[in-house]
Amino acid sequence: MSISESTPKPIKVSFIGDTNTGKTSIIFRYLNESFDDEISATFGADAYHITVKDTPIVIFDTVGQERYKSVTKSFLRNCDVVVLVYDVTSQDSFDSLKYWIEVVSEETNYDEKEIIIVGNKIDLYDSVEVEYETSLMFCQTNKIENFIETSAENGQNIDELFEMVADLANNLTSFECKNVRLQDTKNESHCC
Numbered sequence: 001m002s003i004s005e006s007t008p009k010p011i012k013v014s015f016i017g018d019t020n021t022g023k024t025s026i027i028f029r030y031l032n033e034s035f036d037d038e039i040s041a042t043f044g045a046d047a048y049h050i051t052v053k054d055t056p057i058v059i060f061d062t063v064g065q066e067r068y069k070s071v072t073k074s075f076l077r078n079c080d081v082v083v084l085v086y087d088v089t090s091q092d093s094f095d096s097l098k099y100w101i102e103v104v105s106e107e108t109n110y111d112e113k114e115i116i117i118v119g120n121k122i123d124l125y126d127s128v129e130v131e132y133e134t135s136l137m138f139c140q141t142n143k144i145e146n147f148i149e150t151s152a153e154n155g156q157n158i159d160e161l162f163e164m165v166a167d168l169a170n171n172l173t174s175f176e177c178k179n180v181r182l183q184d185t186k187n188e189s190h191c192c
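Quick note: the sequence shown, position 116, residue 116 per my numbering, numbers continuous.
Watch out, some of these pointers could steer you wrong.
Derived DEER-like restraints, expressed as beta-carbon distance ranges [as the list claims (entries may be wrong)]:
id, residue 1, residue 2, range
1, D37, P8, 33 to 39 Å
2, V58, T141, 29 to 35 Å
3, R77, E33, 27 to 33 Å
4, E38, S105, 31 to 37 Å
5, E106, D126, 34 to 40 Å
6, D126, R77, 35 to 41 Å
7, G155, K53, 16 to 22 Å
8, N170, E102, 27 to 33 Å
9, N109, Y48, 21 to 27 Å
Honestly, the hints are just simulated from the structure, not real lab data. Since we're looking at a predicted model, the values are computed, not measured. By construction, the Cβ of each residue, glycine as well, lies at the ideal position given by its N, Cα and C atoms.
Between the sequences and the hints, there should be enough to build the whole structure, so can you do that?
Following this line, the structure appears as structure tokens:
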């Protein structure tokens, strides 16, 4: 009997966070290796199929506007990795992370989700309102192990973010494989 190679199931990743935090710009930067300051806001959700480190990934870029939050919630239910994006130049967007974590907790099995917190726009040094250490403390308080700061404008840490997503995805798939249980089907023989 031979085992045929199958295409791995794509990992589903939802980018969520307040509007104007740069979710779409981060994805655009990764896909196009450039920055476009004319990108329009997302309405509903956009899906992108990519491969990172041989891992197929479907990215859902969700809207951050209040009136569309039910759309965002629907994309959380079946995702494997959640990327929570805030703008380091906006204390309000950072404060909203608490709300977004509640949404993730309400809509999913929070303990089984891989979550990455992303502080975007670190190229705007003179306008930073949320310091790196503050973000680290927030992550520790909320038991979130994955945190990175990025700049969609200059590309800083964008590749590293997507490599982090792929690594978490690979951990998920290897974890699933480790939990496969086979039943013992030994035949017992009895003498008379």
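Hints, verified against the model:
1. Range check, D37 to P8: about 36 Å between beta-carbon atoms, so the 33 to 39 Å window is met.
2. In this structure the hint that V58 and T141 lie 29 to 35 Å apart at CB holds, the actual value being about 30 Å.
3. Distance hint check: the CB atoms of R77 and E33 are about 32 Å apart, consistent with the given range 27 to 33 Å.
4. For E38 paired with S105, a C-beta distance near 35 Å keeps the hint of 31 to 37 Å intact.
5. Checked against the given bound of 34 to 40 Å, the beta carbons of E106 and D126, roughly 37 Å apart, stay inside it.
6. Taking the beta carbon of each, D126 and R77 are about 40 Å apart, inside 35 to 41 Å as hinted.
7. Our hint of 16 to 22 Å for G155 and K53 holds, since their Cβ atoms are close to 18 Å apart.
8. At about 28 Å, the CB distance of N170 to E102 agrees with the hint of 27 to 33 Å.
9. At roughly 25 Å, the beta carbons of N109 and Y48 sit within the given window of 21 to 27 Å.
Comparing the model with each earlier hint shows no violations; every hint is respected.
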